[in-house]
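Participant: Chains as they are written, first to last, in the working numbering: chain A, 1 to 153; chain B, 1 to 164.
In case anyone wonders, no lab produced these hints; they're calculated from the structure. Hints should not be assumed to be uniformly reliable.
Cut-off 20 Å, straight-line C-alpha distance, at most; resulting in silico cross-link-like pairs (DMTMM-like, lysine to aspartate or glutamate) [stated by the list, open to error]:
(1) B:K18 x B:D59
(2) A:K35 x B:E106
(3) A:K47 x B:D26
(4) B:K18 x B:D51
(5) B:K18 x A:D34
(6) B:K18 x B:E47
(7) A:K36 x B:D26
(8) B:K18 x A:D33
(9) A:K35 x B:D26
(10) A:K47 x B:D35
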Amino acid sequence: MALRSSDATPAITRTYEIQKFSSGRWMLDSVADDKKVAVEMAAALMKSGRAPGGVQVMAVQRSQDGQFSEVRVHRSMPNDPQATEKPAAAPKVEAKPEVKKPIEIRDFKHSDQLDSAPEPRKSRFKDLLLVLKIAFGLGLCAAMIEAFHLLAR
Amino acid sequence: MQNIVPIAAAKPAPQLEKRLVLRMLDLWRRFHQGDQMPQVSALTAAEAGADADHVYMIDICNVAGPRFTYIGQALQVPGWPAASDALITECPQDSVLGLTSSHWREIVDREVPVTRGGIGRNRGEAVLYRSIMVPLIDESGRIAVIMGAANWRLVEEQSGTPIE
Numbered sequence: 001m002a003l004r005s006s007d008a009t010p011a012i013t014r015t016y017e018i019q020k021f022s023s024g025r026w027m028l029d030s031v032a033d034d035k036k037v038a039v040e041m042a043a044a045l046m047k048s049g050r051a052p053g054g055v056q057v058m059a060v061q062r063s064q065d066g067q068f069s070e071v072r073v074h075r076s077m078p079n080d081p082q083a084t085e086k087p088a089a090a091p092k093v094e095a096k097p098e099v100k101k102p103i104e105i106r107d108f109k110h111s112d113q114l115d116s117a118p119e120p121r122k123s124r125f126k127d128l129l130l131v132l133k134i135a136f137g138l139g140l141c142a143a144m145i146e147a148f149h150l151l152a153r
Numbered sequence: 001m002q003n004i005v006p007i008a009a010a011k012p013a014p015q016l017e018k019r020l021v022l023r024m025l026d027l028w029r030r031f032h033q034g035d036q037m038p039q040v041s042a043l044t045a046a047e048a049g050a051d052a053d054h055v056y057m058i059d060i061c062n063v064a065g066p067r068f069t070y071i072g073q074a075l076q077v078p079g080w081p082a083a084s085d086a087l088i089t090e091c092p093q094d095s096v097l098g099l100t101s102s103h104w105r106e107i108v109d110r111e112v113p114v115t116r117g118g119i120g121r122n123r124g125e126a127v128l129y130r131s132i133m134v135p136l137i138d139e140s141g142r143i144a145v146i147m148g149a150a151n152w153r154l155v156e157e158q159s160g161t162p163i164e
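Here chain B stands alone, though its shape is the one from the complex (with noise of 0.2 Å):
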């Protein structure tokens, strides 16, 4: 019988972060020019790769409102039929993604990341759920675009306890 020795490979796979917002912010991160944060001509969500079903974009200098100006396939609402270009006021708080965008003014006040978490409502099934929502720049230096990124599971919901 003969022996078979495994032999390591010449180049590791690269190891994948495990949380959806660890990867984001590294590739918030990744995009930085200098001190200065990401611009929104160079950090698209197709830059998030496989994760771009879960990135959302937000544009805050809307005259009529912030709105969605992408939303990745998981993140789709069923029976809202506006998805993207519609206000964030009108995505329906019975969702991830109403859930966690509704949150952006924090990122344009404080100017840094903010990741969030929590048990919520998505397609009428309770879930828990973690974002992150990052500042995009434009070429005057001022967040124009919030990129923001979410996922969840499902969770047990006992009887006798909805949620609120």
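Chain A with its partners taken away, still in its complex shape (with noise of 0.2 Å):
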């Protein structure tokens, strides 16, 4: 294995953001330089007497001229299994280092602007959409049903 110095090289070009959900919207809790250390972090986080609503684990890659592109590695929101993402589940973003998303010039300072809407609300919205979706069905075929007795007397 050949040996790197790493105070050589001062330009970290991906960093792995620790961010909880807390009031409402995601923000910085810490950093890490090394992936598998970030997810440990934010296990611990969710662990801790402080634990947040969420927590997630950003992948942040940023170019010398000042942009970055950033991709979701690890999630873990309690109230929202289905948010739950089991660290393995996340080897393409370690192993590619294109990002799936579109790449985002802002301000690096983003960590309070992340992500706001969280997705646990999204589903429920989707839940109850289907819901009213299958009422309204079983309403019109009723109808119908109705409507033809009436019309075949």
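Dock the two chains into a complex; use the hints.
Facilitator: Quick look at the structure:
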């Protein structure tokens, strides 16, 4: 294994931001330079006495011209089991330097503005729409059957 | 022959976190006051307990530049007489202390703990290290001190591939 000195490379191109879901928004909690450590830090945060509503780890990649891209590599939302992702579910991000999300141009101090809409609300809204559709469909069927009976007489 | 049935202890021993960085992060979180970061007066190196030997403190408000106010025994740099009260810029870079403390500004800019690791040199040997720095605030709420911690293990250096 060839050894490389870390002090000779001051510019980090990729970091992992541990973010917590608090007061309805994602906030930066801590930063790591290693994915495994970042996921462990996120897990430790959820186990701590000050556990937030959820945690996620974002792989943030910066280019020299100030552009950055980010990809979520881990998420844990205790109140929404569907939103919990296992760390093993994101090996593609680690293996591929390319990100799937379109590159965004923003100030790098972006931590307070990320993904302000939590997914659980979206899924609940979808569920509600589905229930309404089913109810409407059943009502329509009942009305048609009734109409058929009336016409048959 | 008498059978001896093991009886579970009434209180299990507390499970110690394996990673130093996670222990330090937990310590830092425990000293939060509401949404406020721990204060300099509350969280000292002594609070780290057995990890205090791997801890250092940096006063970033010093007029002449950030300086060490505490350096744990394990992080002391042999042949560097200055030790505590020395400026960060004077710290030898071929030491874990120098490698890890040089990123102090990132903690001030981001206002969150930052962990870093990598390969470097310590006391003339190639090491794989992992470190963390956490911010501490003064009475006015301004980041005044950075608490750092680092540990490492030796790595084998292949002949012909010296550390750059």
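Participant: Hint by hint, note whether the structure agrees.
Facilitator: Now the hints, each set against the structure:
1. B:K18 x B:D59: 28 Å, violated
2. A:K35 x B:E106: Holds, at roughly 19 Å.
3. A:K47 x B:D26: Judged against 20 Å, a Cα distance of about 10 Å means the pair holds.
4. B:K18 x B:D51: 12 Å, holds
5. B:K18 x A:D34: 17 Å, holds
6. B:K18 x B:E47: At roughly 18 Å apart (the allowed maximum being 20 Å), E47 (chain B) and K18 (chain B) satisfy the hint.
7. A:K36 x B:D26: 17 Å, holds
8. B:K18 x A:D33: 18 Å, holds
9. A:K35 x B:D26: Distance ~19 Å between K35 (chain A) and D26 (chain B) Cα, so the pair holds.
10. A:K47 x B:D35: 18 Å, holds
Checked against the numbered hints above, the structure violates only hint 1.
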